[in-house]
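Protein chains: 2
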Amino acid sequence: MQVGTDVEQWGIFELELAGPDGGNPFQDVELSAVFTHKHRAIEVDGFYDGDGIYRVRFMPDTPGTWSYKTQSNARALSEREGTFNCTAAASACNHGPVRVANTYHFAYADGTPYKQIGTTCYAWTHQGDELEEQTLATLQEAPFNKMRMCVFPKSYDFNHNEPEFYPFPLLVRGSSDPPHFWEPAGWEFDWSRFEPAFFRHLEQRVGDLQKLGIEADIILFHPYDRWGFIRMDAETDDRYLRYVVARLAAYRNVWWSMANEWDLARNKTLADWDRYFRIVQESDPYDHLRSIHHCFVMYDHSKSWVTHQSVQHSDLAQVAVWREQHKKPVVVDECCYEGNIPHRWGNITGEEMVRRFWEGTVHGGYVGHGDTFLDPQDILWWAKGGVLRGQSAPRLAFLRRILEESPAAGLEPLKNTGIMPYWFPCAGQEHQYYLTYFGVHRPSRMRFDVPEGEQYRAEIIDTWEMTASPVAEPVVRGSWVELPAKPYQALILRRQTE
Amino acid sequence: MQVGTDVEQWGIFELELAGPDGGNPFQDVELSAVFTHKHRAIEVDGFYDGDGIYRVRFMPDTPGTWSYKTQSNARALSEREGTFNCTAAASACNHGPVRVANTYHFAYADGTPYKQIGTTCYAWTHQGDELEEQTLATLQEAPFNKMRMCVFPKSYDFNHNEPEFYPFPLLVRGSSDPPHFWEPAGWEFDWSRFEPAFFRHLEQRVGDLQKLGIEADIILFHPYDRWGFIRMDAETDDRYLRYVVARLAAYRNVWWSMANEWDLARNKTLADWDRYFRIVQESDPYDHLRSIHHCFVMYDHSKSWVTHQSVQHSDLAQVAVWREQHKKPVVVDECCYEGNIPHRWGNITGEEMVRRFWEGTVHGGYVGHGDTFLDPQDILWWAKGGVLRGQSAPRLAFLRRILEESPAAGLEPLKNTGIMPYWFPCAGQEHQYYLTYFGVHRPSRMRFDVPEGEQYRAEIIDTWEMTASPVAEPVVRGSWVELPAKPYQALILRRQTE
Numbered sequence: 001m002q003v004g005t006d007v008e009q010w011g012i013f014e015l016e017l018a019g020p021d022g023g024n025p026f027q028d029v030e031l032s033a034v035f036t037h038k039h040r041a042i043e044v045d046g047f048y049d050g051d052g053i054y055r056v057r058f059m060p061d062t063p064g065t066w067s068y069k070t071q072s073n074a075r076a077l078s079e080r081e082g083t084f085n086c087t088a089a090a091s092a093c094n095h096g097p098v099r100v101a102n103t104y105h106f107a108y109a110d111g112t113p114y115k116q117i118g119t120t121c122y123a124w125t126h127q128g129d130e131l132e133e134q135t136l137a138t139l140q141e142a143p144f145n146k147m148r149m150c151v152f153p154k155s156y157d158f159n160h161n162e163p164e165f166y167p168f169p170l171l172v173r174g175s176s177d178p179p180h181f182w183e184p185a186g187w188e189f190d191w192s193r194f195e196p197a198f199f200r201h202l203e204q205r206v207g208d209l210q211k212l213g214i215e216a217d218i219i220l221f222h223p224y225d226r227w228g229f230i231r232m233d234a235e236t237d238d239r240y241l242r243y244v245v246a247r248l249a250a251y252r253n254v255w256w257s258m259a260n261e262w263d264l265a266r267n268k269t270l271a272d273w274d275r276y277f278r279i280v281q282e283s284d285p286y287d288h289l290r291s292i293h294h295c296f297v298m299y300d301h302s303k304s305w306v307t308h309q310s311v312q313h314s315d316l317a318q319v320a321v322w323r324e325q326h327k328k329p330v331v332v333d334e335c336c337y338e339g340n341i342p343h344r345w346g347n348i349t350g351e352e353m354v355r356r357f358w359e360g361t362v363h364g365g366y367v368g369h370g371d372t373f374l375d376p377q378d379i380l381w382w383a384k385g386g387v388l389r390g391q392s393a394p395r396l397a398f399l400r401r402i403l404e405e406s407p408a409a410g411l412e413p414l415k416n417t418g419i420m421p422y423w424f425p426c427a428g429q430e431h432q433y434y435l436t437y438f439g440v441h442r443p444s445r446m447r448f449d450v451p452e453g454e455q456y457r458a459e460i461i462d463t464w465e466m467t468a469s470p471v472a473e474p475v476v477r478g479s480w481v482e483l484p485a486k487p488y489q490a491l492i493l494r495r496q497t498e
Numbered sequence: 001m002q003v004g005t006d007v008e009q010w011g012i013f014e015l016e017l018a019g020p021d022g023g024n025p026f027q028d029v030e031l032s033a034v035f036t037h038k039h040r041a042i043e044v045d046g047f048y049d050g051d052g053i054y055r056v057r058f059m060p061d062t063p064g065t066w067s068y069k070t071q072s073n074a075r076a077l078s079e080r081e082g083t084f085n086c087t088a089a090a091s092a093c094n095h096g097p098v099r100v101a102n103t104y105h106f107a108y109a110d111g112t113p114y115k116q117i118g119t120t121c122y123a124w125t126h127q128g129d130e131l132e133e134q135t136l137a138t139l140q141e142a143p144f145n146k147m148r149m150c151v152f153p154k155s156y157d158f159n160h161n162e163p164e165f166y167p168f169p170l171l172v173r174g175s176s177d178p179p180h181f182w183e184p185a186g187w188e189f190d191w192s193r194f195e196p197a198f199f200r201h202l203e204q205r206v207g208d209l210q211k212l213g214i215e216a217d218i219i220l221f222h223p224y225d226r227w228g229f230i231r232m233d234a235e236t237d238d239r240y241l242r243y244v245v246a247r248l249a250a251y252r253n254v255w256w257s258m259a260n261e262w263d264l265a266r267n268k269t270l271a272d273w274d275r276y277f278r279i280v281q282e283s284d285p286y287d288h289l290r291s292i293h294h295c296f297v298m299y300d301h302s303k304s305w306v307t308h309q310s311v312q313h314s315d316l317a318q319v320a321v322w323r324e325q326h327k328k329p330v331v332v333d334e335c336c337y338e339g340n341i342p343h344r345w346g347n348i349t350g351e352e353m354v355r356r357f358w359e360g361t362v363h364g365g366y367v368g369h370g371d372t373f374l375d376p377q378d379i380l381w382w383a384k385g386g387v388l389r390g391q392s393a394p395r396l397a398f399l400r401r402i403l404e405e406s407p408a409a410g411l412e413p414l415k416n417t418g419i420m421p422y423w424f425p426c427a428g429q430e431h432q433y434y435l436t437y438f439g440v441h442r443p444s445r446m447r448f449d450v451p452e453g454e455q456y457r458a459e460i461i462d463t464w465e466m467t468a469s470p471v472a473e474p475v476v477r478g479s480w481v482e483l484p485a486k487p488y489q490a491l492i493l494r495r496q497t498e
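Which chain is which? The protein sequence lines are A and B, in order.
Count the first sequence with the numbering used here and you get residues 1 to 498, in order.
Count the second sequence with the numbering used here and you get residues 1 to 498, in order.
Keep in mind that the hints are not guaranteed to be accurate.
[Stated by the list, open to error] Taking beta-carbon pairs under 8 Å as the criterion, some of the chain A residues facing chain B (in silico):
1) T5
2) F26
3) V29
4) R99
5) P342
6) H343
7) R344
8) N347
9) I348
10) T349
11) E352
12) Q377
13) V440
14) H441
15) R442
16) M446
[What the hints assert, rightly or not] Here are the computed lysine-lysine pairs in the DSBU-like style, where the Cα-Cα straight-line distance is at most 35 Å:
17) B:K303 x A:K415
18) B:K38 x B:K415
19) A:K268 x B:K415
20) A:K303 x A:K415
21) A:K486 x B:K486
22) A:K69 x A:K38
23) A:K415 x B:K268
24) B:K328 x B:K268
If you are wondering where the hints come from, they were derived from the structure by calculation, not from laboratory data.
All values reported here derive from a predicted model rather than from experimental measurement.
Built from N, CA and C at the ideal position, the CB exists for glycine as well.
Chain A extracted, bound-state conformation (with noise of 0.2 Å):
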């Protein structure tokens, strides 16, 4: 019996074992342990970790006791029994996993409402240590919460460096530079084993986002690959699955991410990506985050294992659509990316990629960002990481501490309420906050149809300026409120109750 330090709730408490180092530990031996804390029993897969080292995580949800007992092929590791103590979540930027909340909308565990305003660094693990420690110096600064993050490197344009590690033993070096990016290039792995190292890295950057808050959606699968990640056998596929879950579950910041762009992996089926969702759901004991990234086709995100619709569409009008289409949140992850590339998705200006986040949000869903300027060596944040160079980034700052001090609920698109008789999307808590943005539109005035016999206050807000102006005169039905008739204007009613 062997008593573990104390861990925080949401933290991890790893259990690290010997165990036998011949054959191939990573097919050869079984490793999994329950945990139990007063009736509840929960039980989790370990993992080789090389060199004759095993460990089995386990991210405790509940203070108090907890046990473990595991089980094992090897005797080495059977039977090994302990407890530890879970403290109460004390640490910043601890609440605890993200869940789906209210159903539109997301929350962390702990209760506080989760307003996601995400980014995307596709391949900002593969940089080495210099890049990738200035990307998350980017990221201190900076307003996201969520990095859209592939396991495996990206070969693309502006993507031909190597990554320090591969997830597979390496046997055959092949090219960096194939004549196009998705054919094979003569790379050659040892299929049969994986990489700690490469998988310690990518934890450890897991970790660093979350020292900062930031949600790691992780993209298990992405068809921009020149080493044959994407053409692996249906059983690698799946040894490749358990081993990330059974490494990553336990970190409270996770979320899943079947693809990025699917609809691209020529060699897949539908019915493997259904595989893919099972698998990750039965092998993750905390039931993170699920969703799946297309590029034309969506896939049907009323399937049950997909906890939110993860979307690529440029017209944030729709997400109303989808809310009710499939009744999950939607976070629009691609709408087109800050920049100046000549790809038609990197090189909206900071005006539009900040409309798109507040079109999104006022029809009840979140939107992700991008950055894509070109540079001397080809680092663009969208892949690399490295630096931003657009003027989003402010302005997604000031929407998130918009968002924060809006309804803890969500904001509702509120389309038939009435209260906007010009037919502005509208979202909020009806009878208690309105949300209501222009765009490219600039009325010179606006009238509000808030309920009869309710009083708000208002608020116009510059989304590009970032200024909030209080109007002086308390909302009413049928009250008219001058606005600065330029672009990219916002309004907020807040009911006042005295």
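Here the structure of chain A is known, so what remains is to put chain B in place on it, guided by the hints.
Positioned in the frame of chain A, the structure of chain B alone reads:
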């Protein structure tokens, strides 16, 4: 036998006859004439113009000698014969009526391409001479070659004034400011007769537009009505249509628009709208263009009597879809107007108005303009005319010049030709001319995959600053062109052949 004076090709020959003025000549007297040139015989309806005067108007389309012979149930109007000489078109702006050309485009009868840059002053002919003449003076300096205008006056926000003339004799004056602008407001008319002064005034204004080279897109019905013109019985509707056609069809610049927002006229059925189309089609000897404009529900533009699609929509990329759907030209008559009023459709910026014109253009269609700025006297261009307050008009003049210098055959969407590897919309004529537009996107460079072995001259167009900057290097397959990396840029490639 009467011998008339010379009439220019596509001008108006008018036969004036004295006839009975007792009873109700509008309903009792039938009058038509057959006009003959060589083997052709064209029958046209005459009309009663009040005070015992009857008229038959005819637009000859072929130079040479034409003869005519009337028929009527009134002896004084029957068997009247004569000839006149039609001379070749010579006056400025006389290219004949506009027709559909090359499936998706328009041309005048003489073959000159017609590149539609429309505007909207729904009720401009109901404002009195002073304002109407100001409108004409504005139009003289403006880029527009089409005007959307209603026969009937308009009842709506900003439109509470009464017209000088009503189309039917007024019996009981009603309210100018009813509780809702489209509810009946106590007006009564003698529906069995027309008011010739009303129609003479309308004709005068259509003729004024003709002198300015502006097509009159005449809206025959619309729901914004407090007088009852949208609630006439079917017999009156049909008599009204035949009367309007008899009076106006000889004006070469007439287009027929069955409705503004047909789907908002709650008392009419789809069968009514079909019948209106058929009556106009059968009565108009010149087969002027026919369309119908919607608010929410599109009419089926594939019906044979629809010559082109008149659309209300904000997403101009859909133009390419509607083109393919119905194989007819697309004119997005309403995509929101430049202005600052509260109404969502009337407060976009000049930049956005111009952007929508260019988006419609590169998707193979044509777009309409409007100007809606609050005014202390409620004189908004979109309804009443007057002066333009927006910034888009000079930019639309610049676009019109570019269109008039583009291939006569029209700009076809060339999405799948591979010329734009980075997926921007492109329109033109293959192997000859390519126009691409970047809108809110602002790439800093762009590659063009023009056909192998061909060479092009490139010109960078700043659609807002109205500059065209030639690129020094010729463009061949795979050429990169440096761009200014700001919004609202376009690029033209013209084939070099020497």
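Checked hints:
no.: 1; hint: T5; in the structure: violated (54 Å)
no.: 2; hint: F26; in the structure: violated (42 Å)
no.: 3; hint: V29; in the structure: violated (49 Å)
no.: 4; hint: R99; in the structure: violated (35 Å)
no.: 5; hint: P342; in the structure: holds (4 Å)
no.: 6; hint: H343; in the structure: holds (5 Å)
no.: 7; hint: R344; in the structure: holds (4 Å)
no.: 8; hint: N347; in the structure: holds (4 Å)
no.: 9; hint: I348; in the structure: holds (6 Å)
no.: 10; hint: T349; in the structure: holds (6 Å)
no.: 11; hint: E352; in the structure: holds (5 Å)
no.: 12; hint: Q377; in the structure: violated (16 Å)
no.: 13; hint: V440; in the structure: holds (5 Å)
no.: 14; hint: H441; in the structure: holds (5 Å)
no.: 15; hint: R442; in the structure: holds (6 Å)
no.: 16; hint: M446; in the structure: holds (5 Å)
no.: 17; hint: B:K303 x A:K415; in the structure: holds (34 Å)
no.: 18; hint: B:K38 x B:K415; in the structure: violated (48 Å)
no.: 19; hint: A:K268 x B:K415; in the structure: holds (28 Å)
no.: 20; hint: A:K303 x A:K415; in the structure: holds (27 Å)
no.: 21; hint: A:K486 x B:K486; in the structure: holds (19 Å)
no.: 22; hint: A:K69 x A:K38; in the structure: holds (14 Å)
no.: 23; hint: A:K415 x B:K268; in the structure: holds (28 Å)
no.: 24; hint: B:K328 x B:K268; in the structure: holds (26 Å)
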